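Chemist: Sequence:
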Amino acid sequence: MREELTRLIEAQRSSLLDDWCHEGPDDLDGDAALLAEVLTQIEREAATPTPRIDWAAAKAELARAEAAGELPD
Numbered sequence: 001m002r003e004e005l006t007r008l009i010e011a012q013r014s015s016l017l018d019d020w021c022h023e024g025p026d027d028l029d030g031d032a033a034l035l036a037e038v039l040t041q042i043e044r045e046a047a048t049p050t051p052r053i054d055w056a057a058a059k060a061e062l063a064r065a066e067a068a069g070e071l072p073d
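Each residue of the sequence shown is one higher than the last, beginning at 1 in my numbering.
To be clear, the hints were calculated from the coordinates, so they are not data collected in a lab.
From a predicted model like this one, the values you see are computed outputs, not experimental measurements.
Accuracy of the hints is not assured; some may be wrong.
What follows is a set of in silico ranges between Cβ atoms, one per label pair, in the way DEER data are often shown [to be verified]:
hint : residue 1 : residue 2 : range
1    : E23       : E70       : 43 to 51 Å
2    : K59       : D31       : 37 to 45 Å
3    : G30       : A58       : 33 to 41 Å
All residues carry an ideal CB built from backbone N, CA and C; glycine is no exception.
Whole structure, please, built from the sequences with the hints as guidance.
Modeler: In structure tokens form, the structure reads like this:
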């Protein structure tokens with residue numbers, strides 16, 4: 001009985017990929033505006049990149065600042 005119920009539940013479980021109703025109607029103008037905004041941001045980032053550090057360096061800097069008492073309580 002338990003196996004049959006499990007199989008029945010699995011068969012009825014839908015995937016988000018199978019149901020696109022949450023996407024709403026097509027909005028070509030909105031899509032174009034969003035794409036233009038993203039491309040502008042990509043160009044801005046390429047022109048003036050934000051300095052980034054890797055996770056290990058960030059953890060080391062945090063540990064150093066904590067040891068030096070530079071972090072707020």
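Chemist: Evaluate each hint against the coordinates.
Modeler: Hint by hint, here is what the structure shows:
1. E23 - E70: 43 to 51 Å: Holds, at about 47 Å.
2. K59 - D31: 37 to 45 Å: holds, 39 Å
3. G30 - A58: 33 to 41 Å: holds, 36 Å
Of the numbered hints given earlier, the model fails none.
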